[in-house]
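I would like the entire structure built from these sequences, with the hints used as guidance.
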Amino acid sequence: MDQNLETKNKTYYSRLFRRFVFFTTICSIVPLLLAGWAINMHYSGFARERILKTLQTRVDYHKKIIELFLKENKTRLDFIARTNSIEFLIKEGNLTHILNNINRDSWVLTDIGIIDENGDHAAYVGPYDLINKNYSNTFWFREVMEKEIYISDMFMGFRKEPHFIMAVTKNENCRRWILRATVNTDVFRSLVENVRIGRTGDVYILNSKGIYQTSPGSSGEILTRAPGFKGEIHDDLKFRFLETHDRDLKIKKIVCETWLKDPRWLLVVRVGEKEFFEDIRHANRATLVSLHLSALIILIVTSFVTNHMVQVIKKRDSELEGMNNQLIQAGKLASIGELSAGVAHEINNPLAIIMTEHQLLLDAEKRIPITDQDLGEQFAGSLSQIGTQVRRCAKITKNLMKFARRTRSFIETVNINIFLREVIDLMEREAKSDGIAFKSVLDETLPPILTDPSQLQQVFLNFINNAIDAHEEKGFGTITISTCPARDKTGISIIVEDTGSGIKDPDIEKIFDPFFTTKAPGRGTGLGLSICYNIVKQLGGQIQVESHLGKGTRFTLTFPFKPPEDLMNNGQDK
Amino acid sequence: MIGSKILLVDDEEIFADNMAKLLQGRQYKVTAVYNGESAIKALENENFDVVVLDLKMPGMNGIATLKEIKNMGLFTETLLLTGHGSVDAAVEAIRMGAYDFLNKPCEIDDLVEKIEGAWRKKDDAWKKDLEEKLKRVVESPSDAFKLFD
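One line per chain: the protein sequences are V and H, in this order.
Residue 2 is where the first sequence starts when you use our numbering, and the numbers rise one by one after that.
Residue 1432 is where the second sequence starts when you use our numbering, and the numbers rise one by one after that.
The set of hints was computed from the structure by calculation and includes no laboratory data.
The C-beta atom is built at its ideal place from N, Cα and C for all residues, glycine as well.
Take the hints with a grain of salt, since some may be wrong.
What the hints assert, rightly or not - What the simulated footprint calls covered on chain H by chain V, stretch by stretch (three residues with Cβ under 8 Å from a Cβ of chain V suffice, anywhere in the stretch; the number is not a length):
#1 1477-1486
#2 1534-1543
What the hints assert, rightly or not - Here are the computed distance ranges between Cβ atoms for each label pair:
#3 H:Asp1554 to V:Gly382: 38 to 44 Å
#4 H:Lys1552 to V:Asn325: 49 to 55 Å
#5 V:Ile329 to H:Arg1526: 34 to 40 Å
#6 V:Gly382 to H:Lys1552: 53 to 59 Å
Pasting the structure below:
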């Protein structure tokens, strides 16, 4: 095989492999990844929405609890103010009794007091010393005097700690008085803050000015201003995503805000996004890993299958190429055969005449010898040369016609080993003097085959002759003839191997062509292998050649157990 | 056999004439004709020991001529000259009763050898026939005229 051709074929098949893998990958992995990604995105969006909805529900619920708490206490104060007169309430012990009743289940109110229209504390029950304090200058006093029911923001007041108050006003006999109570800050804060939304969730309240009403956890202090507060009041629940930096760590948070109705406080719930969407992220990761794993498996399987396919194609191609070569060879031989047979036949007649003329001259010379010695010698020499050359031509035409004709075959049962031994015996005598040894490796278990022994003999004599000639340069060597079952078990193989000079690469394709010879002019007609090829084909066989320049040549001849049907019938005719 | 009568049939006139000369030089009595029809005519008029017949001829070819000769029931043997391409036809001819065949171009010595073989066969057959006839004459002398007519 040509080196270039082999490299070309190699690149062709590797390109084929790459193209196959590429397209299969594009057609399978890309849609898989696209669909996977799309489904994943859709699912993530959906899950996110669900999670946010859940968060919203919880925040909403929490808002309602806080509102309910405030409303309950407000209503309670209103009820007390409406059902009792100021005289009754300021009377020693009554207010204490009321506070104790309210706080019976839980200590909701820290203290309670009655303030008259001048801002003086008329009665007070609580832990602080606030009796006789005047509130007329406080912001809440003014507010409460305007509104009937009032809930203050958190403030420090006289007691110097954060608290907020609820107050209701009542008009009684042209007197206006206030029932004021301080909500237990601890109870309120625990109500607001102790709701755990996630592990990292912070819950706090801002007033309408953006002041922390409860402790916002790590991000600030109670009664300080919240950074970035805008103060837009809205009735619905709003989500906002916030990026904060903790040292060098970027933390993303979901901020959920909703305004309470009364007072207008902003309930803020802040949760770590990472924690909240962890499940989604986990699911995402699992999906993507399995997706990419599938893609990888597809890629591996595709490569594997494609490689196998390319190997199969390669094998088919080489078989096809071999078949094509044989077909071309057969076609070439047929056309050359017909032409050469025609030419040979036409030349035969003039040759026959020349031969008779030559003989006539010889006869004449015998009858009337030439007296002039020089002329005689010249005449005899020329005649002899004419005879030699005519016989040479006759040999060529004979071979040409043998090559073209389809003689009838005489099909017999032939034990190929016995047959080959006879052929080797015949040739060994000739070869021994040339320094060539014969070696036979015969498989004795081979069954006999049906074939034409005389044609087969011609074939093997030719091959062995060529093998002997191949040693001409070296002067010595070995010719090995071996038999074995054919690879496909439908016949037998005979291998003729020599250690001669080998065949040059460009010549190997031409050795079966008629008239192709590397022997010196006059030594060979170049028809031997061509005739052999024809005979082997006719007997249903095949010839394979392998040759290494300088090392030797190996011909493998394969014959079926039975020749083709038409040949069998032909033989039976006889 | 010196003096044997040979009929040479070949459409290649120069070849036929040359062959005739060569055989005459070897003491045969040779008549050369150039087609099958002339050969049959010659055989009708004259006895020949051996007919050397070319296979490929225009008009009556070798096989047709051979058939005719066989039909004539003569004491003569036929040798066929063929090209290499028509071995099958030559084999066919031998089946029809030709003595042998020879590939063209051929050596004169080979031809002479075959002619001798053919002559011997013809001679044997002729002698055998003669013997049988003589035997019958001895057995019934009245049939002698009929037999040697």
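Status of the hints after comparison with the structure:
Counting residues of the stretch 1477-1486 of chain H whose beta carbon lies closer than 8 Å to any beta carbon of chain V gives 0, which falls short of the minimum of three for the stated coverage. For the stretch 1534-1543 of chain H, the stated coverage by chain V holds: 6 residues have a C-beta nearer than 8 Å to a C-beta of that chain, and at least 3 were required. Between aspartate 1554 (chain H) and glycine 382 (chain V) the beta carbons are some 41 Å apart, a value that agrees with the proposed interval 38 to 44 Å. At about 54 Å, the CB distance of lysine 1552 (chain H) to asparagine 325 (chain V) agrees with the hint of 49 to 55 Å.
Under the hint 34 to 40 Å, the C-beta atoms of isoleucine 329 (chain V) and arginine 1526 (chain H), about 39 Å apart, fit the expected range. The hinted window of 53 to 59 Å between glycine 382 (chain V) and lysine 1552 (chain H) is violated, with their beta carbons roughly 40 Å apart.
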